[in-house]
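Enquirer: FYI, in this note's numbering the residues of the sequence shown are 44 to 387.
Please keep in mind that the hints were generated in silico from the structure rather than gathered at the bench. Every residue gets a Cβ at the ideal spot worked out from N, C-alpha and C, and that includes glycine. Some hints here could point you the wrong way.
What the hints assert, rightly or not - Here are the simulated lysine-lysine pairs, DSS-like style, with alpha carbons at most 27 Å apart:
(1) Lys285 with Lys268
(2) Lys381 with Lys334
(3) Lys285 with Lys381
As the list claims (entries may be wrong) - FRET-style restraints, in silico, Cβ to Cβ:
(4) Glu176 with Glu351: 14 to 22 Å
(5) Glu187 with Ser364: 21 to 29 Å
(6) Leu377 with Asp340: 15 to 23 Å
(7) Arg180 with Pro310: 35 to 43 Å
(8) Leu375 with Arg284: 39 to 47 Å
(9) Glu351 with Pro307: 43 to 51 Å
(10) Gln348 with Ala323: 15 to 23 Å
(11) Leu375 with His270: 56 to 64 Å
(12) Arg308 with Thr274: 44 to 52 Å
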Amino acid sequence: MDPVSLVSNIVSLAQAIYDQVQLVTANQEKSRHLADRIRQIVSSLARLRSLPRNTQFLESLTALNTCLDEIRNFITQFTAQRSGLLDRAKRLLFAQDHQSEFQEFNTRLGELLPQLNIGLNAQVLMDREEDREDAERDQQVLRELQEKICEELAAQGEHRDRQDHKLDEHAAAIQLVVAKLASIREYVACHESPTRRTSPIPLPVERSPSPSGDEYYARAVLAHKRHELETAFDAYQRAARKNYPKALTSLGLFALQGDCTRQPRDPGLALRYLTQAADAGHTRAMHVLGKMYQDGDGVPRDLAQSHEWYQRVLATDPTDSHAEAKVASLSLLLGQAKATRSYK
44 MDPVSLVSNI VSLAQAIYDQ VQLVTANQEK SRHLADRIRQ IVSSLARLRS
94 LPRNTQFLES LTALNTCLDE IRNFITQFTA QRSGLLDRAK RLLFAQDHQS
144 EFQEFNTRLG ELLPQLNIGL NAQVLMDREE DREDAERDQQ VLRELQEKIC
194 EELAAQGEHR DRQDHKLDEH AAAIQLVVAK LASIREYVAC HESPTRRTSP
244 IPLPVERSPS PSGDEYYARA VLAHKRHELE TAFDAYQRAA RKNYPKALTS
294 LGLFALQGDC TRQPRDPGLA LRYLTQAADA GHTRAMHVLG KMYQDGDGVP
344 RDLAQSHEWY QRVLATDPTD SHAEAKVASL SLLLGQAKAT RSYK
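Please work from the sequences and hints to get the whole structure.
Expert: Printed below as a string of structure tokens:
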């Protein structure tokens, strides 16, 4: 007999005994005691929805089977003759030869309660396991949602980087022209004759004023666009020596990626360049640092540190939607990690 059918039979038989005992008016103390014990059993069984098929609970199932046989025996004795039921019940309860049988059954009912509690505890454990599985499913849904958000953010970030790179190229070209015009004006102002201001004057390179950080950076960007990495690297270095934050960021990327023969991959050097540029207020360096700590690229993976760098981007530029989205997704990740630690 399967556990569910067994429990159903015990409930039905216990209820039948309870109904019969209600008719017994003789020996009030013993009949009331028996009714109370059976009521406890019925109450416990009503809460027990199922019993697991497990050898761990074999003892409980054996006790339930034994009690079922005893209940059948008592129902047979109580209902053998419908006529004169009350008198028969009185004789049964008062007869000396039935006292030991009654007491033994009463004891069996008491022994059954702990066995039922084992089943109830098993049900509680099963419910907890279901709750744990539900929590794991919820966490999986959150992880999938987070991955989707991160993929979308990464796509947005790549698009933003392409746009920023194009803007940098245009800005570099403009800066190069402006810097050259400024050099020409300065040279002309220093060397042209007051009487012949329109006469052309040669501009020897060795006598030209030293290029500014803007001009070096503009040269570097144009060389980078033409994939002349060594030339670009040299120009970035010259611009960085003039405390140009954008050049420091570019040098940091060279050190992080290791694409240039002049600069092999060096995450430690990249971290120093990028941190220096970020401290100077360059938001792109902050973005790169945030991504490094989020991905564990060249540094130990640290979501809290990544979150802090993206927050610094927002503090510098509150309109940066990419940084805003990153802060939101990392806050979700950090909250989920905290909840997981608390659950454990």
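Enquirer: Confirm or reject each hint.
Expert: Against the structure, the hints come out as follows:
1. Lys285 with Lys268: holds, 22 Å
2. Lys381 with Lys334: It holds: about 21 Å lies between the C-alpha atoms, which stays within 27 Å.
3. Lys285 with Lys381: violated, 45 Å
4. Glu176 with Glu351: 14 to 22 Å: The hinted range 14 to 22 Å is violated for Glu176 and Glu351, with Cβ atoms some 35 Å apart.
5. Glu187 with Ser364: 21 to 29 Å: Roughly 23 Å apart at Cβ, these two residues keep to the hinted range, so it holds.
6. Leu377 with Asp340: 15 to 23 Å: Roughly 19 Å apart at Cβ, these two residues keep to the hinted range, so it holds.
7. Arg180 with Pro310: 35 to 43 Å: Holds, at about 38 Å.
8. Leu375 with Arg284: 39 to 47 Å: Because 42 Å falls inside the window, the suggested range holds.
9. Glu351 with Pro307: 43 to 51 Å: violated, 29 Å
10. Gln348 with Ala323: 15 to 23 Å: holds, 19 Å
11. Leu375 with His270: 56 to 64 Å: violated, 39 Å
12. Arg308 with Thr274: 44 to 52 Å: Roughly 20 Å apart at Cβ, these two residues miss the hinted range, so it is violated.
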